[in-house]
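Protein sequences appear in the order of chains F and P. Residue 1 is where the first sequence starts when you use the numbering used here, and the numbers rise one by one after that. Residue 1 is where the second sequence starts when you use the numbering used here, and the numbers rise one by one after that.
Simulated from the structure, these hints should not be mistaken for laboratory data. Positions of the beta carbon are idealized from the N, C-alpha and C atoms, including for glycine. Hints should not be assumed to be uniformly reliable.
[What the hints assert, rightly or not] To give an idea of the interface, some chain F residues facing chain P are shown, with a C-beta separation under 8 angstroms as derived from the structure: (1) Val10; (2) Leu36; (3) Lys52; (4) Ser58; (5) Gly61; (6) Arg68; (7) Ala71; (8) Ala72; (9) Ala73; (10) Arg80; (11) Arg257; (12) Gln262.
[Said to hold, decoys possible] Computed, partial: chain F to chain P, Cβ under 8 angstroms: (13) Asn100; (14) His101; (15) Pro259; (16) Val260; (17) Arg269; (18) Leu271; (19) Pro272; (20) Leu281.
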Amino acid sequence: MNAKEYLADVELAWCPGCGNFGIRQALAKALATLELPHHRVVLVTGIGQAAKIAHYISVNGYNGLHGRTVAAAAGIKMARHDLTVIAESGDGDLYGEGGNHFLHNIRRNVDITIIAHDNRVYGLTKGQASPTAPQGYKTKAQPFGSLSAPFHPAALAVALDAPFVAQSFAGDVEGTAALMVKAVQHRGCSLLNILQPCPVWNRINTFAWYKERVFSLEDEGHDPSDRSAAFAVAARQDDRIFTGILYRREGPTFEDRHPVLQEGVLADRPLPTESELRALLEEFR
Amino acid sequence: MDIVIRIVGAAGQGVQTVGEVLTRAAFHSGLELHAEQSYHSRIRGGENAFALRLAPGPAWGAREGTEVLAALNQEMLDQYLPSLTDGGWLVCDEDLTVSEARVVRVPASRLAKEELGLPIAANMVLLGAAACVAGIEEESLARAVRDAFGDKAELNLEALALGKQHAGDPRLGPHSPAYTHGERMLITGGAAVGAGAIAAGCRYLASYPMTPGTAVLTYLAERATRWGLVVEQAEDEIAAINMALGAAYAGARAMVTTSGGGFALMVEGLSLAGMIETPVVIHIGQRPGPATGLPTRTGQDNLLFALHAGHGEFPRYIVAPRDAQEAFYLTAKAFDLAEKHQVPALILTDQYLVDSFSTCAPLEVTRVAPRSYLLTPEELEAMVSYDRFAITDSGVSPRAVPGVSEKLVLVDSDEHDTYGRITEDLHFRKALNEKRLRKAKGLMQDVAPPYVHPSGGLEGRTVLLGWGSTYAAIREAVDMLNAEGESFAMIHFSELWPLRTHELEQVFDQAARMIAVEGNATGQLASLVAQQTGLKVHGFIGRHDGRPLTAADIAQEVAR
Numbered sequence: 001m002n003a004k005e006y007l008a009d010v011e012l013a014w015c016p017g018c019g020n021f022g023i024r025q026a027l028a029k030a031l032a033t034l035e036l037p038h039h040r041v042v043l044v045t046g047i048g049q050a051a052k053i054a055h056y057i058s059v060n061g062y063n064g065l066h067g068r069t070v071a072a073a074a075g076i077k078m079a080r081h082d083l084t085v086i087a088e089s090g091d092g093d094l095y096g097e098g099g100n101h102f103l104h105n106i107r108r109n110v111d112i113t114i115i116a117h118d119n120r121v122y123g124l125t126k127g128q129a130s131p132t133a134p135q136g137y138k139t140k141a142q143p144f145g146s147l148s149a150p151f152h153p154a155a156l157a158v159a160l161d162a163p164f165v166a167q168s169f170a171g172d173v174e175g176t177a178a179l180m181v182k183a184v185q186h187r188g189c190s191l192l193n194i195l196q197p198c199p200v201w202n203r204i205n206t207f208a209w210y211k212e213r214v215f216s217l218e219d220e221g222h223d224p225s226d227r228s229a230a231f232a233v234a235a236r237q238d239d240r241i242f243t244g245i246l247y248r249r250e251g252p253t254f255e256d257r258h259p260v261l262q263e264g265v266l267a268d269r270p271l272p273t274e275s276e277l278r279a280l281l282e283e284f285r
Numbered sequence: 001m002d003i004v005i006r007i008v009g010a011a012g013q014g015v016q017t018v019g020e021v022l023t024r025a026a027f028h029s030g031l032e033l034h035a036e037q038s039y040h041s042r043i044r045g046g047e048n049a050f051a052l053r054l055a056p057g058p059a060w061g062a063r064e065g066t067e068v069l070a071a072l073n074q075e076m077l078d079q080y081l082p083s084l085t086d087g088g089w090l091v092c093d094e095d096l097t098v099s100e101a102r103v104v105r106v107p108a109s110r111l112a113k114e115e116l117g118l119p120i121a122a123n124m125v126l127l128g129a130a131a132c133v134a135g136i137e138e139e140s141l142a143r144a145v146r147d148a149f150g151d152k153a154e155l156n157l158e159a160l161a162l163g164k165q166h167a168g169d170p171r172l173g174p175h176s177p178a179y180t181h182g183e184r185m186l187i188t189g190g191a192a193v194g195a196g197a198i199a200a201g202c203r204y205l206a207s208y209p210m211t212p213g214t215a216v217l218t219y220l221a222e223r224a225t226r227w228g229l230v231v232e233q234a235e236d237e238i239a240a241i242n243m244a245l246g247a248a249y250a251g252a253r254a255m256v257t258t259s260g261g262g263f264a265l266m267v268e269g270l271s272l273a274g275m276i277e278t279p280v281v282i283h284i285g286q287r288p289g290p291a292t293g294l295p296t297r298t299g300q301d302n303l304l305f306a307l308h309a310g311h312g313e314f315p316r317y318i319v320a321p322r323d324a325q326e327a328f329y330l331t332a333k334a335f336d337l338a339e340k341h342q343v344p345a346l347i348l349t350d351q352y353l354v355d356s357f358s359t360c361a362p363l364e365v366t367r368v369a370p371r372s373y374l375l376t377p378e379e380l381e382a383m384v385s386y387d388r389f390a391i392t393d394s395g396v397s398p399r400a401v402p403g404v405s406e407k408l409v410l411v412d413s414d415e416h417d418t419y420g421r422i423t424e425d426l427h428f429r430k431a432l433n434e435k436r437l438r439k440a441k442g443l444m445q446d447v448a449p450p451y452v453h454p455s456g457g458l459e460g461r462t463v464l465l466g467w468g469s470t471y472a473a474i475r476e477a478v479d480m481l482n483a484e485g486e487s488f489a490m491i492h493f494s495e496l497w498p499l500r501t502h503e504l505e506q507v508f509d510q511a512a513r514m515i516a517v518e519g520n521a522t523g524q525l526a527s528l529v530a531q532q533t534g535l536k537v538h539g540f541i542g543r544h545d546g547r548p549l550t551a552a553d554i555a556q557e558v559a560r
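With the rest of the complex left out, here is chain F:
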């Protein structure tokens, strides 16, 4: 399939030079590689610049509330587990406002793919520090610099035993697309954190800054099945930033464990018949 077919023919409301363009190209490429029919994919997003992607990719879309991306995606997947469900949004949406859903849906392990556009700032609200911003990061809202320690999504996901944890750099469209393919293919709640420069607001973590620091886990012989090694990499405090698959394990998903979903797609169940209703009310006699 041709990646271009997944690009919706609409005007893109992103800033020039934004990493989102590359992420959009990567997603289209990944969907084409996976040969997924457009109507068999639901792209769930929240609010923010990244979340606009639901309008820019031609698949089903659910552009819900800020922070609730993963919760809505879980509900969609439980109702129609025959569809591919991707929950994609920014770091503020997924890790800030939506932190609780991020934690508990990894535990729940519904087969969805979480794709985070991590640029360490809030773009749409004009540059405030996001949960992943480094300590000391100065903005108009954080004049002394962010006092809080940064959120480490990959380390947290490994701690929660997420079945698939990976990170890519938005500047590497091919590498990002390849990891998207693997994240979608992996069964369970997968996380792909995409490091992304914000040319308007983030003058520190620029394209060149990332380019100097990113390295490939694969090149260094990292074994993604080794959880301790994954922790060690995720917790590194030095100047190097990993890309690639950090952690991967197999195991049953929510759908595998749920007896009703084992019988088929929930939303395909017919409305109850009169005889079923009679049986339902027997217990009150």
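Put chain P on the given structure of chain F with help from the hints.
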């Protein structure tokens, strides 16, 4: 017949178990009943009371006064003794101190320990005695015990027999049956909401536990496998409503259950439901607020909150069933209208309704008959293109769900065009907002009129205005007051929004005096009526101490 058997004790003493067994026994005996529960928010100790009223007919409510008081501890005995009516009887353990003359003392603790070797069975010994005093048939009681305890029934049956032996002859009864098996059902409000949901084709419930909404969560969870539902405990109420909306978008009829505080967290999601025109049913089991308030008590202080919750303007459907029977039908109707008009539907119950048992005429499945309003895959394939939010006269756009045809379905929390794509074109904004709001017209046509009793001829009467679970208390109050002359009437709303004003205007026109009766302190329905019609009530009777309104409360206040 009209007697109240009240079982009182501390949490952990089995008051609820004993009460339920007694209630089922009365049901097996063919007696009309209402059973109400009142308890402190704790697992051990405190106050637990279960009041079974053997009522003159079906669908009656709670009342004051006690004909048989079964007390499991001294503290509750002292607290409830004043409620004993003149002909009433106290049943208690011989260890308790009491000066009451009409007392049946039973060595319940000693017998349970010495005869049965099971100290915990003391409550069943006391039940045997209390049931005997109240004139409940032994056979029905034994049947209820077997149903409740299964393999462990034998020891409990022995306990009942010991209690009966010590009680001697029945003091009340015998009670002649009002119906034979099959002519009534026994149901709680919570179960009725749950059963109504399953009957309407509910497939998905996501909720965070919160009393009294939890009753619906557990009812559905226990039946999920049998009836094909996914019931998921969410990490918080915000997750619950957003999970439910996701499931509904994908085509599964979805519901959440909570109380006022949990609903407060769902409010942004409610607004989203309005914007993406995705049906969702929200059950709010009310308890007194503000904030955590009285977690296990009852009240009606969420009407205006339910109506005004959510930023922006969008239609919604709000019901407040008057009893368990109606809770079944109106829950099913809430699902139906949510689907038909693509709006959120809210069901307002309260702790009193959720936890109370009552007998009712058998629920009729033919009155539910769920139907689908979705575009079929065939219809979708035949369409050249599909716009999820197509402009229509009714405001209702033909609804498709994703994945069933090649047509894509896009919904957006931002203002959007007819396809669902984010837009800041203000022409679309106005057109789409008007389209959404137009749905209120069609919705109004599906709202049933309020209940007016007696129908017609209200000239010169004092009319009591109420809503939701206060129905039985108001009706009984009207009958009590009319015993001294036909000068009282009632108008009662179970479907509250959109508010039908036609009947209200007629009643206000005819009545000499209008008095609002509500389980809150400010008169929320009265305010709503004034806002919608300009008509003001002449008086207000409110109860907001966490206990249900009773007929005596109302009659007393009216007479004042």
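Quick rundown of the hints versus the structure:
Checking Val10 (chain F) against chain P by beta carbon gives a least distance of about 7 angstroms; that is within 8 angstroms, so the hint holds. With 8 angstroms as the threshold, the beta carbon of Leu36 (chain F) stays out of range of chain P, its nearest partner Cβ sitting at about 11 angstroms, so the hint is violated. Taking 8 angstroms as the C-beta cut-off, the interface hint given for Lys52 (chain F) holds, the closest approach to chain P being about 7 angstroms. Residue-level restraint check for Ser58 (chain F) holds (minimum Cβ-Cβ distance to chain P is 7 angstroms; threshold 8 angstroms).
Hint status for Gly61 (chain F): holds, given a least beta-carbon distance of 4 angstroms to chain P, under 8 angstroms. Interface restraint check for Arg68 (chain F): the shortest CB-CB distance to chain P comes to about 4 angstroms, inside 8 angstroms, so the restraint holds. Hint on Ala71 (chain F) holds. Least Cβ distance to chain P is approximately 4 angstroms, under the 8 angstroms limit. Checking Ala72 (chain F) against chain P: minimum C-beta separation of about 4 angstroms stays under 8 angstroms; hint holds.
Nearest Cβ of chain P to the Cβ of Ala73 (chain F): about 6 angstroms, under the 8 angstroms cut. The hint holds. The criterion of a C-beta within 8 angstroms of any C-beta in chain P is met by Arg80 (chain F), whose closest approach is roughly 4 angstroms, and the hint holds. This hint is violated: Arg257 (chain F) has a C-beta 11 angstroms from the nearest C-beta of chain P, more than the 8 angstroms allowed. Because the closest C-beta pair between Gln262 (chain F) and chain P is about 10 angstroms apart, greater than 8 angstroms, the hint is violated.
Because the closest C-beta pair between Asn100 (chain F) and chain P is about 5 angstroms apart, less than 8 angstroms, the hint holds. Interface restraint check for His101 (chain F): the shortest CB-CB distance to chain P comes to about 5 angstroms, inside 8 angstroms, so the restraint holds. A hinted interface residue such as Pro259 (chain F) counts as satisfied when its beta carbon comes closer than 8 angstroms to some beta carbon of chain P; here the least separation is about 5 angstroms, so the hint holds. Interface hint at Val260 (chain F): satisfied, since its Cβ lies 5 angstroms from the closest Cβ of chain P, which is below the 8 angstroms cut-off.
The criterion of a C-beta within 8 angstroms of any C-beta in chain P is met by Arg269 (chain F), whose closest approach is roughly 5 angstroms, and the hint holds. For Leu271 (chain F), the interface hint holds, since its Cβ comes within 8 angstroms of a Cβ in chain P; the closest pair sits about 4 angstroms apart. The interface hint given for Pro272 (chain F) holds, since its Cβ lies 6 angstroms from the closest Cβ of chain P, which is under the 8 angstroms cut-off. With its C-beta approaching chain P no nearer than about 5 angstroms, Leu281 (chain F) sits inside the 8 angstroms limit, and its interface hint holds.
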